[in-house]
Amino acid sequence: MLDFLNGIWSVFTSILKFEWLYDLVAALVENVFKLSMDTNLGSSVHFFIYDVIKILMLLSIMIFLISYIRSYFPPERTKKILENFSGIKGNIMASLLGTVTPFCSCSSVPIFIGFVESGIPLGVTFSFLITSPLINQGAIIVLLAAFGWKVAALYIAMGVIIGIIGGIVIGKFNLEGEVEGYVYEMSMGEVEIETLTRKERAKFALEEVTKIVKHVWLYLLIGIGLGAAIHGWAPADILTKYAGPDNPFAVLVGVAVGIPLYADVIGTIPIAEALISKGMGMGTALSFMMAVAALSLPAMILLRKVIKPKLLTIFVAITSFGIITVGYLFNFLLH
Amino acid sequence: MEIKVLGPGCKNCTNLEANTKKALEELNMEATVLKVTDMKEIMGYGVMSTPALVVDGKLKMMGRVPKPSEIKEYLV
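Protein sequence lines, in the order shown, are assigned to chains A and B.
Residue numbers for the first sequence follow this note's numbering, so the first one is 1 and each next one is one higher.
Residue numbers for the second sequence follow this note's numbering, so the first one is 1 and each next one is one higher.
Simulated from the structure, these hints should not be mistaken for lab results.
There may be inaccurate statements among the hints.
BS3-like, lysine-lysine: derived pairs with alpha carbons at most 25 Å apart [as the list claims (entries may be wrong)]:
| # | chain 1 | residue 1 | chain 2 | residue 2 |
| --- | --- | --- | --- | --- |
| 1 | B | K58 | A | K214 |
| 2 | B | K21 | A | K214 |
| 3 | A | K199 | B | K35 |
| 4 | B | K40 | A | K214 |
| 5 | B | K40 | A | K199 |
| 6 | A | K203 | B | K22 |
| 7 | A | K203 | B | K21 |
| 8 | A | K203 | B | K72 |
| 9 | B | K72 | A | K199 |
| 10 | A | K310 | B | K40 |
| 11 | A | K211 | B | K35 |
| 12 | B | K60 | A | K211 |
| 13 | B | K21 | A | K211 |
| 14 | B | K11 | B | K58 |
| 15 | A | K308 | B | K40 |
| 16 | A | K211 | B | K72 |
| 17 | B | K60 | A | K203 |
| 18 | B | K67 | A | K211 |
| 19 | A | K203 | B | K67 |
| 20 | B | K40 | A | K203 |
| 21 | B | K11 | A | K211 |
| 22 | A | K80 | B | K67 |
| 23 | A | K80 | B | K60 |
| 24 | A | K305 | B | K11 |
| 25 | B | K11 | A | K203 |
| 26 | B | K22 | A | K214 |
| 27 | A | K203 | B | K58 |
| 28 | A | K199 | B | K60 |
| 29 | B | K58 | A | K80 |
| 30 | A | K305 | B | K40 |
| 31 | B | K21 | B | K72 |
| 32 | A | K305 | B | K35 |
Using the sequences provided together with the hints, build the complete structure.
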């Protein structure tokens, strides 16, 4: 019986590790394309095909599951839950709910207004707004595929902590005057939160899969293509020297490059995966990805509609600081 | 009939507007489709997840982009 269970477990883990796919693509590259896996071209082609199939499969399955869970937490319900918490408990709840509430950057403005209007403290609102884009479901899945569950779990934990602390700090500054005045003049209508059937939740989850895959596939192909090129050709010794965990400035540079970069975070992960395999520090790569996810220029332009420049600057500064700290921590822990 | 598509003007809102027009076409119905980008009006409906669909002043759907076939059910 134990042998049987062990057998099932090893089949399960090897499916999840995609070793079968790795071997299959290796056979394809060597036998059909007639490229040796030991050449630059062969290993790049292999990396590209293998990664595209692996990530698209994982992305579709996991987005379906996560979206199903997320259908229980529309922003309207999250708001109702948060109204019941105050102080640090509010920050913790907001950050945790930020991980499960479906969020697109174009909803950040109505969510911000809705929270503030219903009396949720500014700091608690920011805990939500910091964590929500950081814990992007696509990003988590690709992280899982590229680095395994431990790194993915650490990433989530760090995202939640940055949100909690960032919100608490913003709350301490008493910046209510730095919110655009019209936000306080809004009156929010009551809305009935619909209870969905299981079928409707499945439909929502399926729509999310199509929406996200449609949105990211190009970024993903470009990212994996660049990753494949890095995999085949980038010189490991130079990367290790300049971007490795021992260079104290690498994290700062990573974040500085990540903020203005208008890319989808999902596309950056295959690049990061390849760079890490060539010697870049894990923390450096993660903080770069976090900066792309949480501090994109379009998201900031949207937020500027509801908060004044001073508060926007403080938000960016605190989030950057948190991300940089995580970068150093990961470099320290994982190397 | 008056239909409103609520949303700040992102891609999903445009998609919802297009799907709504398609649904009307398939039903052979005439209606004015208004795009509402004014936050005051959007929040007035209690909507935090955009895009949302309002038919004759009643909120029918929010936070998704349903297919034309599904929008038809909201219209009849």
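Hint check:
1. K58(B) <-> K214(A): violated, 31 Å
2. K21(B) <-> K214(A): holds, 22 Å
3. K199(A) <-> K35(B): Cα-Cα ~30 Å, so violated.
4. K40(B) <-> K214(A): violated, 31 Å
5. K40(B) <-> K199(A): This hinted pair is violated, its Cα atoms lying about 33 Å apart.
6. K203(A) <-> K22(B): holds, 20 Å
7. K203(A) <-> K21(B): OK: K203(A) and K21(B) at ~22 Å, within 25 Å.
8. K203(A) <-> K72(B): Given pair K203(A), K72(B) holds - Cα atoms ~17 Å apart, limit 25 Å.
9. K72(B) <-> K199(A): holds, 19 Å
10. K310(A) <-> K40(B): The hint holds at about 24 Å.
11. K211(A) <-> K35(B): Measuring from Cα to Cα gives roughly 22 Å; hence the hint holds.
12. K60(B) <-> K211(A): Answer holds: K60(B) to K211(A) is near 21 Å, not above 25 Å.
13. K21(B) <-> K211(A): Given pair K21(B), K211(A) holds - Cα atoms ~20 Å apart, limit 25 Å.
14. K11(B) <-> K58(B): holds, 23 Å
15. K308(A) <-> K40(B): Holds, at about 18 Å.
16. K211(A) <-> K72(B): Holds - the C-alpha atoms of K72(B) and K211(A) are around 21 Å apart, at most 25 Å.
17. K60(B) <-> K203(A): Judged against 25 Å, a Cα distance of about 17 Å means the pair holds.
18. K67(B) <-> K211(A): Cα-Cα ~12 Å, so holds.
19. K203(A) <-> K67(B): holds, 11 Å
20. K40(B) <-> K203(A): The given pair, whose Cα atoms are some 30 Å apart, is violated under the 25 Å limit.
21. K11(B) <-> K211(A): holds, 11 Å
22. K80(A) <-> K67(B): violated, 29 Å
23. K80(A) <-> K60(B): At roughly 20 Å apart (the allowed maximum being 25 Å), K60(B) and K80(A) satisfy the hint.
24. K305(A) <-> K11(B): Holds: K305(A) and K11(B) sit about 18 Å apart, inside 25 Å.
25. K11(B) <-> K203(A): holds, 20 Å
26. K22(B) <-> K214(A): holds, 21 Å
27. K203(A) <-> K58(B): holds, 23 Å
28. K199(A) <-> K60(B): holds, 18 Å
29. K58(B) <-> K80(A): holds, 22 Å
30. K305(A) <-> K40(B): holds, 13 Å
31. K21(B) <-> K72(B): Holds, at roughly 10 Å.
32. K305(A) <-> K35(B): Holds, at roughly 19 Å.
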